[in-house]
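Q: The residues making up each chain are set out below.
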Amino acid sequence: MAKTETLEDSFKKLDEIVAGLENTELSMDAALKLYKEGIKLVESCNSKIDKVEKEIIVLNGGKVEASNEDIF
Amino acid sequence: MEKKAYTVSAINKYVKNMFLNDGFLSHVYVKGEVSNCKYHTSGHLYFTLKDNEGAISCIMYRSSVQNQKLQLENGMKIQVSGRIDVYERDGKYQLYATSFEQEGLGSLYEKYAKLKEQYEEMGLFDPSFKRPIPKMCDKIGIVTASSGAAIHDIMSVSMRRNPYVQLILYPAKVQGQGASLSIAEGIRTLDAMGLDVIIVGRGGGSMEDLWAFNEETVVEAIFKSHTPIISAVGHEKDFTLSDFVADLRAATPSAAAELAVFDISLTLRQIDKYKNELDLRFASQLRNKKAKLDSYLKALKHLDPSLRVTSMRNRLEQKALYLDQTFFRLMDQKKNKLKYYALKLDGASPLKRLKSGFLYAENQDGKHIVSVNDIKVGDQIQGYLIDGLITSRVESITKNKG
Chain A
1 MAKTETLEDS FKKLDEIVAG LENTELSMDA ALKLYKEGIK LVESCNSKID KVEKEIIVLN
61 GGKVEASNED IF
Chain B
73 MEKKAYTVSA INKYVKNMFL NDGFLSHVYV KGEVSNCKYH TSGHLYFTLK DNEGAISCIM
133 YRSSVQNQKL QLENGMKIQV SGRIDVYERD GKYQLYATSF EQEGLGSLYE KYAKLKEQYE
193 EMGLFDPSFK RPIPKMCDKI GIVTASSGAA IHDIMSVSMR RNPYVQLILY PAKVQGQGAS
253 LSIAEGIRTL DAMGLDVIIV GRGGGSMEDL WAFNEETVVE AIFKSHTPII SAVGHEKDFT
313 LSDFVADLRA ATPSAAAELA VFDISLTLRQ IDKYKNELDL RFASQLRNKK AKLDSYLKAL
373 KHLDPSLRVT SMRNRLEQKA LYLDQTFFRL MDQKKNKLKY YALKLDGASP LKRLKSGFLY
433 AENQDGKHIV SVNDIKVGDQ IQGYLIDGLI TSRVESITKN KG
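Taken in order, these protein sequences are the chains called A and B.
The numbering of the first sequence is my numbering, which starts it at 1 and goes up by one.
The numbering of the second sequence is my numbering, which starts it at 73 and goes up by one.
Be aware that a few hints might be false.
Cross-link-like lysine-lysine pairs, in silico, DSS-like; alpha carbons within 27 angstroms at most [said to hold, decoys possible]: (1) 48(A) with 188(B); (2) 149(B) with 188(B); (3) 51(A) with 211(B); (4) 13(A) with 211(B); (5) 188(B) with 40(A).
Keep in mind that the hints were calculated from the coordinates and are not lab data.
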């Protein structure tokens, strides 16, 4: 649960960073810092997404077993 | 024997009038089973109501049809409210229905309304208790029958939108005896697993079929759940009390899955978009800074000391040139003047005089003799001619008169 929250949080932060980078008064150091932070967030977002296909878990009398066949 | 014969229409009119004058037939309730049910394209509804011994044709006009919640189907047992009247064209009486309800369900509707009021008063439907559904759920619990359209729909939507989401099904009994207990148990079990969201529902059915979702055990389990709950009972038009107490009501199980399962392709695209935005913005920052730097460089160049030396040198060269020009001009002037004087001098040259036969005379002291007063008789005079020198002695002096 915390994992998904941070993905949403990351998006929020990325919105802020992108908005921040629009400020033309930004110093080069600050801009670079923001950019680096943003890229890091993008990478962490990508790695946060668990790309393993899941089979449905059917609870059976308290026991947990993965199965697709029982359903159809 | 002649008997008076009436026209068909006159007889029908007469009979119709009898019906109209009968207060009892002008408003009756009739119960029976529906057959020959036909929703006509005109919007009117035609059906036959029958019981074991008889049948009566029924018609409901469009204006009334629109107000009915129940969709009539053959075999349904209903109670119809309306009037009995004659259709003169066919010489046939029929029931003009204004409303109907499913027989026996009247009490179920009443029960539903009463329960709804009761839960409402208890504050179970209060919007302040509604929890938001997380936008990106990883684990989704489902309480529904393990066979049926609901789970099938949820799974296919989920697979299409995001196959990486973990679905966890609690197979529940969703209708009949013990259904509400099974559903409530399912909610409690899944709630204890710390999932992101739970979908509670089933496919469409009659009000009796959906009844478990109105029962207190289910409503209470939904209300007490710590996990946000999406209700998805029946079709768009079906409402159960679970829908009111749930954090979110989905019209159908498919819709519930759309709401619970975030679209992974959109999310991945969003991440890519962020990457692009970052690159673009940063590149523009760089361009900006570079432009600023360029303008500073330009400004600095104007202040460069070497530039000043060059400029001074240029000025110096100009001055030198000017000096030269002035000097040569002056020289030319002098030269011309000299020439002029030389010409003039040439005319006054003593040699030239000597050439034309003049004599240049000096006294003994080497002084030029210009007057007779410069010499005395007996003085020796040196005379210069053009080609030689003579020495002579003054014998006499004659002074010009005047």
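Q: So which hints don't hold here, by number, going up?
A: 1, 5
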